[in-house]
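Participant: Residue numbers (my numbering), protein chains in the order written: chain A, 1 to 387; chain D, 388 to 774; chain R, 775 to 1161.
Accuracy of the hints is not assured; some may be wrong.
[Claimed, not checked] Output of the computed footprint for chain R on chain D, the stretches with three or more beta carbons under 8 Å from beta carbons of chain R:
# : region
1 : 613–627
2 : 744–758
[What the hints assert, rightly or not] A few chain R residues that don't get close to chain D, going by computed Cβ distances all over 10 Å:
#  : residue
3  : Thr817
4  : Leu861
5  : Thr869
6  : Gly876
7  : Trp877
8  : Ala889
9  : Pro894
10 : Pro897
11 : Val902
12 : Leu938
13 : Trp1011
14 : Val1043
15 : Ala1110
[To be verified] Distance ranges between label pairs, derived from CB positions:
#  : chain 1 : residue 1 : chain 2 : residue 2 : range
16 : R       : Ile1146   : D       : Gly735    : 20 to 30 Å
17 : R       : Pro928    : D       : Trp619    : 49 to 59 Å
18 : R       : Arg797    : A       : Trp22     : 47 to 57 Å
19 : R       : Asp1083   : D       : Gln441    : 28 to 38 Å
20 : D       : Gln768    : R       : Pro928    : 35 to 45 Å
21 : R       : Tyr1068   : A       : Gln54     : 56 to 66 Å
22 : A       : Arg376    : D       : Ser508    : 24 to 34 Å
23 : R       : Gly954    : A       : Ser45     : 46 to 56 Å
24 : R       : Glu1153   : A       : Ser46     : 45 to 55 Å
25 : A       : Trp22     : D       : Asp696    : 29 to 39 Å
26 : R       : Asp1083   : A       : Gly126    : 54 to 64 Å
27 : D       : Gly630    : R       : Ala1048   : 34 to 44 Å
It should be emphasised that the hints constitute simulated quantities derived from the structure, not laboratory data.
For each residue, glycine too, the CB sits at the ideal point set by N, CA and C.
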Amino acid sequence: MTGEARDPAEAMVTRGAERRDWRTWPVYEASALGLRNYWYPVTWSSRVGDRPVQAQLLGERIVLCRDDGRVYALRDRCPHRGVPLHLGRKRFPGTLTCPYHGWTYRLDTGVLCAAITDGPSSPIAGKVSVRAYPVAERLGLVWVFVGDGQTNPPPVEDDIPQELVTRRVVVEGRIQSGRGGNWRYAAENGFDEGHAKFLHRDALWARFRRLPVWTDTRIVRSADGRWISRRWVGVHWEADFPGLGRWPPAHRWWRLAKNPARPDRQPKVDPRIAALDLPGMVSVRLPYILRVAYASYIHYEWAVPEDADHHRYVQLLVSFRPEALPRLWFRLQYLAYIRWVFHGQFTGQDAWMVDVMEIPPERLYRPDVSVIEWRRLVEEQHRPTGL
Amino acid sequence: MTGEARDPAEAMVTRGAERRDWRTWPVYEASALGLRNYWYPVTWSSRVGDRPVQAQLLGERIVLCRDDGRVYALRDRCPHRGVPLHLGRKRFPGTLTCPYHGWTYRLDTGVLCAAITDGPSSPIAGKVSVRAYPVAERLGLVWVFVGDGQTNPPPVEDDIPQELVTRRVVVEGRIQSGRGGNWRYAAENGFDEGHAKFLHRDALWARFRRLPVWTDTRIVRSADGRWISRRWVGVHWEADFPGLGRWPPAHRWWRLAKNPARPDRQPKVDPRIAALDLPGMVSVRLPYILRVAYASYIHYEWAVPEDADHHRYVQLLVSFRPEALPRLWFRLQYLAYIRWVFHGQFTGQDAWMVDVMEIPPERLYRPDVSVIEWRRLVEEQHRPTGL
Amino acid sequence: MTGEARDPAEAMVTRGAERRDWRTWPVYEASALGLRNYWYPVTWSSRVGDRPVQAQLLGERIVLCRDDGRVYALRDRCPHRGVPLHLGRKRFPGTLTCPYHGWTYRLDTGVLCAAITDGPSSPIAGKVSVRAYPVAERLGLVWVFVGDGQTNPPPVEDDIPQELVTRRVVVEGRIQSGRGGNWRYAAENGFDEGHAKFLHRDALWARFRRLPVWTDTRIVRSADGRWISRRWVGVHWEADFPGLGRWPPAHRWWRLAKNPARPDRQPKVDPRIAALDLPGMVSVRLPYILRVAYASYIHYEWAVPEDADHHRYVQLLVSFRPEALPRLWFRLQYLAYIRWVFHGQFTGQDAWMVDVMEIPPERLYRPDVSVIEWRRLVEEQHRPTGL
């Protein structure tokens, strides 16, 4: 099959339109496989036991395994013949053994400590190693530091929102691997100002909230400089579009919205959340941690890069009332509907868009200030790598 | 994996054989994605309503939508974030709105008339557009003009066989998208002189017709110069192949052929079809319209390019007797068996070949004069593009 | 999607480790699609009859067909329009006819002897041919010689282990096409010294054998110089690995091993097998024939290259006692359990590894002397090609 037509449609789209190119953000543009030298949440602690578990992070395949209470992570490839180590087993304490020839690696260092089929005095022992990744457990999650091989990892607490480290919290959530779309699509969707008011208008989660049609938005920086937040300086609940008509369409009787989102009808905020003094309801920081503060809990999410076209989507819902009864009530609420309505259907609409969108090319508009500031944040704050 | 063996079989095949290269027909060779600046039938009018419908034409994704009785076609990609517009809905009359951020396009022009989530005075309104494709409805079908962006479309009637525009007709047919194989394979198969007598010999549709073993064929041009037709100047109903034997094998008792195709036993031709004075039973014209005239109806087909490896196959069966009773009888015949036996099993054998064939390289033989004249017609008559 | 991270893990793996590159074996490295100018077993004789059968060998698609008791092989592509000939049929004795236009090829020479739809005097007859492959039948198998188009095939007996040609044997076996992994992976796995003792330790087939932990192994050459064999010069049945512990773990009561593999407890060897005076239990020769001699039968296997990522796996189990009763007993044993336990689960573990392994890069160790000597054998003995 030969020959291919140039697409004349492309040319029309961009004609006469101001255009900001991805080359404006070179670090971001080059980070299809993610930002290195960060800690990423990978899976629930309870999912990692004696049997090796595989995962893909930033284009690298890793194997997780627990030994004597601690979790370890190694690169998931035996250097001998390229067999994935997650197919192997723990044959001796503190080690993982490849199923093919019995090459046995120390879980803590990745060093080959024995090649079973070459006997106890095998000259290769100690001379080969697989990469060992720093691992930590916090908040019931396993965190892995994916570095450039030349950088010492900072404390894992540096890469976890501070309030989750310093307060007593209750954590619920969902983790999905293999979600379609590059991690940057998911990140931009998460902090995107514009879509929530439109895409999610019919979501069950939005049935009980009133969504503005459009807003004037400023992006503000947190006191510690690591977060940026969206702040509404003008909110428009309905509008007449010339030649088109009114938006949103008139309320129907079955629409249950009681307008709780109106400034004058704010729900009662948990004082411990209020005390966090967050710079805005929706904030984001590197390597992509989204924080959406509701009145009685905070939603956090990560889009952990797997390969150029897939990411692992980690959603947490956190309550700051760890006492027995509120804790029970929070868990009940989560399991009864938040898990399905918010962490299911609502963010499932996002997953749908993240999966079908294809950029660049793109054509930004005013509300994309949030996307642009996020890209700028990456350019400014990404940890340098020696790569 | 490294290294690849050169295939010594290829060399043997071509040794000592005259060889005509696809470079002989450069326009044709370059048209893997189809010929531009033509009207193509896409789907049944009845299939396009308020809900957007997607299709792929000449490598471009389009969305079809009906508004106030008319059908419109836009490029199926929102320039903002690359989301397919067919996932959106008609939120306001005369427009289509992207599901992600509410970018709203005029169906007639493709111009962005509102970005809902940026308010009524969004500065981007009017500054962006998606390509709008000329659309027409004829014969119960939706036709789309796929141009080069620089050429004004001719009247759709220019790209429809004249007799379908000027006579009262009854139309039945089938449309299949995603058929395997490049559109040129389907086109060449359609006008190919040689295969019908062999491939289709066992088809149910051929049970009632007698097929020649081989023919002397001339390709003739229609009076208006746009069609070429095959004309038999010598017909051979059986033959002895030296060293092999007689072909076709002796008739079996269950073979029902009553030899209606013999010149001396022609079936009675509908006088309105005879009056069309067609240059031959099988004719073809650009962008690939095949016409096969039977005694009481005419078969038309299009192979509309989708991508380099797939095409949309449009088959029509047309009667020229629009009066109530003949019309009813025609429809009954079509539904009772023609749809299954001709537009199903018979052309399904073609689909099978079109799917498995792989050219170039190819090695043509005498009956391929039909294929060669078709390629020559494309070189000569294709509408120029500014691409 | 742009940008890609260099993998820092790769660098760590090779640091300070002696490294032998595949460039050490240039012929082997270049033979992803197999070694040419050899006879390969393709399928059971009983599977090839009047209906054409397709197969892929060394990247070439072929069609097999039986005529008048003999099997023929042609390249599976009609040069006319690229249609696979295996979709055709034998329309005349000694020929195969393409289903599309009736091009008819002599099965013995591949020469086009008629183009049915161009009549008996078609000028193209005799001017086109498809490649015809030399075919032989031995041991109930169809063998095809895949040459470079310039080399006369040696007798098929040259490429069959001599004892299978000169003795009366009983043959059972399995043939699987489309097995994952390059043929060299399967070959190296077959002759690999190290993995059997570890990977197969839990196989049912090994339940009744005791496997050493490691061995000192020498690779020896057969008297005729064509085979290399592994020979154990030191066998270690258990070992203490410093810092790890004893291997293998202590026997459990349900472990049935009666240590038959110990030198002092050898099972009684069939005198006809002993008389073969094989240079070792496990031997290999080109183009990859593995021979594993058990006491009462010998296992042979081929990994016939299909494409760069798949091979056809041919396993034979051969008894040298052709008399009626031992023959029946052998067949019963094979069908009752050897087929499932050895040619099923046991070699299925190999198939698993061959499918998941990915080399180069690789990192060899002492027992890989077998792999290295196999590669060296290929460099030394491969038949030259004119390609």
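Participant: Does each hint hold? Answer for all of them.
Facilitator: Tested hints:
1. 613–627: holds (count 3)
2. 744–758: Coverage by chain R holds for the region 744–758 of chain D (10 residues, Cβ < 8 Å).
3. Thr817: 20 Å, holds
4. Leu861: At about 7 Å from chain D, Leu861 (chain R) fails to clear the 10 Å cut-off, so the statement is violated.
5. Thr869: Violated, because the least Cβ-Cβ distance between Thr869 (chain R) and chain D comes to about 7 Å, which does not exceed 10 Å.
6. Gly876: 4 Å, violated
7. Trp877: 8 Å, violated
8. Ala889: Nearest chain D Cβ is 5 Å from Ala889 (chain R), so the label is violated.
9. Pro894: 5 Å, violated
10. Pro897: Incorrect as stated: the minimum Cβ-Cβ distance to chain D is 7 Å, not above 10 Å.
11. Val902: Since the minimum Cβ distance to chain D is about 6 Å, Val902 (chain R) lies within 10 Å and the statement is violated.
12. Leu938: It holds; Leu938 (chain R) is separated from chain D by about 28 Å at its closest Cβ, greater than 10 Å.
13. Trp1011: Nearest chain D Cβ is 39 Å from Trp1011 (chain R), so the label holds.
14. Val1043: 41 Å, holds
15. Ala1110: 39 Å, holds
16. R:Ile1146 - D:Gly735: 20 to 30 Å: 55 Å, violated
17. R:Pro928 - D:Trp619: 49 to 59 Å: Hint holds: Cβ distance 53 Å, inside 49 to 59 Å.
18. R:Arg797 - A:Trp22: 47 to 57 Å: 39 Å, violated
19. R:Asp1083 - D:Gln441: 28 to 38 Å: 34 Å, holds
20. D:Gln768 - R:Pro928: 35 to 45 Å: This hint is violated: roughly 57 Å between Cβ atoms.
21. R:Tyr1068 - A:Gln54: 56 to 66 Å: 37 Å, violated
22. A:Arg376 - D:Ser508: 24 to 34 Å: 26 Å, holds
23. R:Gly954 - A:Ser45: 46 to 56 Å: Hint violated: Cβ distance 35 Å, outside 46 to 56 Å.
24. R:Glu1153 - A:Ser46: 45 to 55 Å: 53 Å, holds
25. A:Trp22 - D:Asp696: 29 to 39 Å: 30 Å, holds
26. R:Asp1083 - A:Gly126: 54 to 64 Å: 35 Å, violated
27. D:Gly630 - R:Ala1048: 34 to 44 Å: 55 Å, violated
The structure does not agree with the numbered hints 4, 5, 6, 7, 8, 9, 10, 11, 16, 18, 20, 21, 23, 26, 27 stated previously, though it agrees with the rest.
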